[in-house]
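*Asks:* Now for the letters of each chain:
There are 2 protein chains.
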Amino acid sequence: MLWFEVNRKSQVSLTKQVYQHIRELILDEQLIEHTRLPSSREMADQIGVSRNTVLAAYEQLLYEGYIYMKEKSGSYVAPGVALQVGITTDFRQTKSHQPKIEKMIDFRAAHPAIDHFPRKVWGKLIKDICYDIDNEIFGYGTSNGEEKLRASLANYLGRTRSVKCHRDQIVITSGATQALYLITRLLASQKGRIAVEDPVTDEMRGIFVQAGANLLPISMDNEGIIPRELPTDTAPSFVFVIPSHQFPTGITLSIQRRIQLVEYARKMNTFIVEDDYDSEFTYEGTAVSSMQSLDPNTVIYVGTFSKILSPAIRIGYVVLPPALIEPFQALKWYADRHTSTMEQLAMARFIEEGYLEQHIRKMKRIYQKRRATLVDELAKYFPSCKLIGEAAGMHLVVEMHNIIFEKSLLKKLQEADVQVYPVEHYAMKKGHHLNQIVLGYGSLTEDQIKEGVLRIATVINQLHL
Amino acid sequence: MLWFEVNRKSQVSLTKQVYQHIRELILDEQLIEHTRLPSSREMADQIGVSRNTVLAAYEQLLYEGYIYMKEKSGSYVAPGVALQVGITTDFRQTKSHQPKIEKMIDFRAAHPAIDHFPRKVWGKLIKDICYDIDNEIFGYGTSNGEEKLRASLANYLGRTRSVKCHRDQIVITSGATQALYLITRLLASQKGRIAVEDPVTDEMRGIFVQAGANLLPISMDNEGIIPRELPTDTAPSFVFVIPSHQFPTGITLSIQRRIQLVEYARKMNTFIVEDDYDSEFTYEGTAVSSMQSLDPNTVIYVGTFSKILSPAIRIGYVVLPPALIEPFQALKWYADRHTSTMEQLAMARFIEEGYLEQHIRKMKRIYQKRRATLVDELAKYFPSCKLIGEAAGMHLVVEMHNIIFEKSLLKKLQEADVQVYPVEHYAMKKGHHLNQIVLGYGSLTEDQIKEGVLRIATVINQLHL
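So the protein lines, in turn, are chains A and B. Residue 399 in the working numbering sits at position 399 of the first sequence, and the numbers go up by one each step. Residue 485 in the working numbering sits at position 20 of the second sequence, and the numbers go up by one each step.
This is chain A alone, in the form it adopts within the complex (with noise of 0.2 Å):
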């Protein structure tokens, strides 16, 4: 029987409606191969729509060849388009965004202030650009990115980073994640060993290890990771570092330390991946030059303006040595083609204007009031902690005499709405960091930086009672 009900309200055409019935009729058998349809005349009366509707509808069928048509005879049934039409598995509806705790207090590192996003000026910079540019900009890109923002950055990291480069060194790319996770495509796609500082985040680990890479995890003491742990019998892949403000330690690498890794990565002919994240928020004297400018050739360096702008932009960027520059901009090509153009072009406005330096001043006095405030309560409450890395970034280390944040206290401060960061979660060899916590302090205000820091307190003052 080939009558429906057809619904007049739906957002889908008639003839649409028409052709998905009887398809579904076929493909599930209900009408078999060599079966005769109705005349498109006969059909249109049966189930009350014009003619011309029914005629779309087998023509569009005859066209993908469920039904064939003999002269003077009419629409049949097509041979072997029978199939049992799969059903996706009873989908459970998944919540993306959870509903936020608004009373947790949540010391998350890494997150920036985003209630300031310059939305105006980069409301206004995007749509100029829509209106402005050439017509040739919305086409495909190149895989290095736009030449613009990479004059722009170029510039840019020369002044205030000591990088050394040209601007064709540069290969835009969707954030510092997607550098490193082609850094590693690129140099220990086949089981290669990446040296890392140790603790390192499970995030980072995740992007070497999906790219196909194993870990080998190096010792840091207070001056960053120790270079004679290094293995000298096999040269890893590449040395990762985050030698500006390491996450989660804080530790900034000593000047003798980068010698030393310069050197090791010299002799054993391999590379070193320098991860620049928060360096731009220094509080103390200026910021330290990065590693790059002490070798191009020996140094890969990966940044971002995801903590200095916005992670929603979704832009980073690495400086190559010349000699990696044609295959990492080809693994870039094949893995996403290029980063969005019409946000690279308000980038590199963003930069040329002025306005990215004017947002770094303005964000680093508000997360230099905000480390004060931490720092400042901090002192009141433990007046015999110790600091590590408050000097630079978003987040500092607490180390405390005598406590050791395992898993009941971890437990007791999130029951008390206060979520902090153990160091150890972030180790791979344990034991080491068991008194060391990180709190970041970009997302929070001061009053809840104080807030915070009350309730670590008093979870903690209750445990010597």
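It should be emphasised that the hints constitute simulated quantities derived from the structure, not laboratory data. You may find that some hints are simply not true.
Claimed, not checked - Subject to a maximum C-alpha distance of 25 Å in a straight line, what follows is the list of computed DSS-like cross-link-like pairs (lysine-lysine):
#: 1; chain 1: B; residue 1: K851; chain 2: B; residue 2: K827
#: 2; chain 1: A; residue 1: K120; chain 2: B; residue 2: K589
#: 3; chain 1: A; residue 1: K120; chain 2: B; residue 2: K585
#: 4; chain 1: B; residue 1: K589; chain 2: A; residue 2: K9
#: 5; chain 1: B; residue 1: K851; chain 2: A; residue 2: K16
#: 6; chain 1: B; residue 1: K656; chain 2: A; residue 2: K124
#: 7; chain 1: A; residue 1: K124; chain 2: B; residue 2: K829
#: 8; chain 1: B; residue 1: K589; chain 2: B; residue 2: K568
#: 9; chain 1: B; residue 1: K613; chain 2: A; residue 2: K120
#: 10; chain 1: B; residue 1: K585; chain 2: A; residue 2: K148
#: 11; chain 1: A; residue 1: K16; chain 2: B; residue 2: K829
#: 12; chain 1: A; residue 1: K148; chain 2: B; residue 2: K589
#: 13; chain 1: B; residue 1: K656; chain 2: A; residue 2: K191
#: 14; chain 1: B; residue 1: K827; chain 2: B; residue 2: K585
#: 15; chain 1: B; residue 1: K585; chain 2: A; residue 2: K124
#: 16; chain 1: B; residue 1: K895; chain 2: B; residue 2: K876
Remember, it's a predicted structure, so these values are computed and weren't measured experimentally.
For this one, chain A is given, so just place chain B on it according to the hints.
*Replies:* Structure of chain B alone, referenced to chain A:
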């Protein structure tokens, strides 16, 4: 000698200049370890800057570990900080944008008419989003993409392509390229074999191979890929097809073959990856339904906005069987976290507010005219040629009786300033497509098409003289 001339016109601060000068002398061993530096007052007098400038530079050198202080004695060069600083090998400047040769008429495919990009609408939407969205949007997003876009897309794909999916089965990617790259990483990264239609583009092969897979070419005939050529001993990691309008051949996969493929995949417990890149533009009948609608548990559906809107906005998507959603999302997170949030939200509004379908209708009229011009001109000069795949998309294939498109002919065409694409070039098994060329017409005006066909005809007619 510590004296040097500061540059008061430089963008680099005086403090930074002093710091950099001394740092270089130390690295270069012109100042050897334990050498005493002049007092800040002496130094300031020597080079003619304020004492505060020198103090700030010394503080930075001290902070970075280049120098150390002895109480009541002064500042000294630290040990272990000498290094022959690396210099980038002479960097030959490359031009990213080659000057366009305007004379050449390039029948390249898969390039949309970018001069019709809806600048005003898109610019306004993206500005509005910057102005009016919640603060939290400027933070990290979720790896599967913005819920609003996934919801609009699920509705749109259901209506126009009969794709059966819940919004949570969709992951937003940076173009279809990234979707295919990550599917390969997920299913075939360990030298897995991917069955591909032969011919297939170099770019597509590049994606699969760079992601770690091997290729298994499967022949096509005029109904598309030939399922009985698929291996029955070991299943490939997946079968990759472009069923609606294959590139380069232009063939639409017959419904019988589609069903055979789904049955094969079910039996062999593998997947089909359906790339549906230009089926929005259908000039005869309505678009062929997606293969995904035959079995959403077996078919992975990949789409993109590159062809219908612009490749400069890197937004594609994948519709996944439920079992693959979580592992795919994890891969996306480690590859680049997520696709630009603001552009995703702009795209969601572009769909919701009806602009997308309006734009598609407009572009379809434009391409329809270009296609008609191309078909007419070909009929005029080559009455016996056969056209394949002219019913849809932005390219067609011309098969010419007795003409072999070999090197010398292609060279003559190029010399006549017309670029065509031999199908043979894309073939892995050679020798079956010698008399076929791809002509893309998406980015050519009607006048260019007329002139282009005339040039082809002129060159080919000369062959017979």
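*Asks:* The structure should be examined with respect to each hint, and the outcome stated for every one.
*Replies:* Against the structure, the hints come out as follows:
no.	hint	result
1	B:K851 <-> B:K827	violated, 28 Å
2	A:K120 <-> B:K589	holds, 13 Å
3	A:K120 <-> B:K585	holds, 18 Å
4	B:K589 <-> A:K9	violated, 32 Å
5	B:K851 <-> A:K16	violated, 31 Å
6	B:K656 <-> A:K124	violated, 47 Å
7	A:K124 <-> B:K829	violated, 31 Å
8	B:K589 <-> B:K568	violated, 35 Å
9	B:K613 <-> A:K120	holds, 23 Å
10	B:K585 <-> A:K148	holds, 23 Å
11	A:K16 <-> B:K829	holds, 19 Å
12	A:K148 <-> B:K589	holds, 23 Å
13	B:K656 <-> A:K191	holds, 13 Å
14	B:K827 <-> B:K585	holds, 15 Å
15	B:K585 <-> A:K124	holds, 13 Å
16	B:K895 <-> B:K876	holds, 20 Å
Hint compliance for this structure: hints 1, 4, 5, 6, 7, 8 are broken, all remaining hints hold.
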